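The numbering of the sequence shown is our numbering, which starts it at 1 and goes up by one.
Hints are not guaranteed to be accurate.
[Said to hold, decoys possible] Derived EDC-like pairs: lysine to aspartate or glutamate, alpha-carbon spacing no greater than 16 Å straight-line: (1) K263 to D240; (2) K2 to D72; (3) K2 to E95; (4) K263 to E64; (5) K2 to E59; (6) K2 to E88; (7) K263 to D93; (8) K2 to D93.
The set of hints was computed from the structure by calculation and includes no laboratory data.
Bear in mind that the values here come from a model prediction, so they are computed numbers and not experimental data.
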Amino acid sequence: MKLVVHQILPHGAEVREIRLRGLQGQTLPAWRAGAHLRLLLPLEQDGPLERHYSLLGHEGETQEYRIAVLHDPNSRGGSRWLHTQLREGALLDVEGPFDSFPLQAGPGRTVLVAGGIGITPMHAMAHALNARGQSFELHYLARSAERLVLLDELRALPHASLYQHVGNTAPALDDILGSHDAEASLHACGPVPLLNALRERGAALGWPAAALHFESFGARVASTDRPLRVHMALSGASVDVSPGTSILDALLAADAFVAYDCKRGECGQCHSRVLAGSPLHRDVCLSAAQREQGLCICVGWASSAELTLEL
């Protein structure tokens with residue numbers, strides 16, 4: 001659908017809030033906390049550049065969608081274009097909303113954790129919990145106070161206990177998690193190292209995996225990544241993959257049949273058995289036993305020059 005950029009609001013030097021409305025001011029499709037929009041940006045000759053952004057504010061039917069975009073200096077162009085080229089009144093191709101990270105809070109202790117721009121789905125979840133009259137904790141982590149955005153709206157929620165963790169040192173995860181109580185839940189969005197640390201420490205403190213819900217962001221490409229040849233043992237085909245392209249996308253482009261869903265290393269659907277090579281794990285969903293056997297090929301890579309998969 002086509003939506004018009006109704007308003008652009010700065011939140012500090014690095015975050016832009018973009019408010020989108022229907023061309024005729026019509027009511028937009030309803031959404032739930034944790035949902036995102038898919039923006040199709042006109043940046044590539046072979047087709048639009050696809051980017052996903054979580055929705056802010058109050059879930060349900062609305063006249064306006066709100067998203068917030070961090071200006072990423074390592075961006076392939078999406079966030080840079082949205083920060084430097086997009087203007088109020090422009091039209092954007094938008095798909096969704098997609099309910100990929102639903103709020104699954106029970107009656108027990110409810111903990112939200114946001115790392116940096118990971119505040120966006122937490123912002124919507126905070127509003128949803130507050131509307132239910134349910135008390136919750138929101139732990140907001142950032143490298144500096146200037147990176148804490150949307151604070152005024154969050155402070156206004158009477159059922160929220162807001163904790164700010166500012167600085168480059170790792171936060172005390174034991175204080176955030178605590179021991180697991182019956183029907184407690186934790187939802188977190190942030191960079192992969194934070195989510196992996198929460199998962200590992202949560203397991204040590206007795207949190208069951210079903211009580212931990214994650215959405216990740218950030219680049220899954222390291223400066224040390226090198227070109228990779230992937231062999232598919234069952235089909236006999238091989239595919240060369242360049243850094244910056246996921247193994248999954250390269251295999252799909254080669255017409256390989258691979259199961260997948262999230263493409264962010266969160267669901268495990270693309271987990272593929274590794275027969276040879278040295279995998280590098282960048283997911284937030286696999287157990288240690290699963291990592292011993294295979295790799296989430298939507299985000300994983302390899303330290304070896306070749307990787308053989310049971311595909």
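Now for the hints, and whether the structure bears them out:
Taking the CA atoms of K263 and D240, the gap is about 19 Å. The hint is violated against a cut of 16 Å. Taken as a hint, the K2 and D72 pair is broken in the structure, with Cα atoms around 25 Å apart against an allowance of 16 Å. At roughly 9 Å between alpha-carbon atoms, K2 and E95 fall within 16 Å of each other, so this suggested pair holds. With a C-alpha separation of about 27 Å, the suggested pair K263 and E64 falls outside the 16 Å cut-off, and the hint is violated.
The hinted pair formed by K2 and E59 fails the criterion: a straight-line CA distance of about 20 Å is larger than 16 Å. Restraint check for K2 and E88: the C-alpha separation of about 14 Å stays at or below 16 Å, so the hint holds. At roughly 21 Å between alpha-carbon atoms, K263 and D93 are farther apart than 16 Å, so this suggested pair is violated. Among the hinted pairs, K2 with D93 is consistent with the structure: their alpha-carbon atoms are about 5 Å apart, no more than 16 Å.
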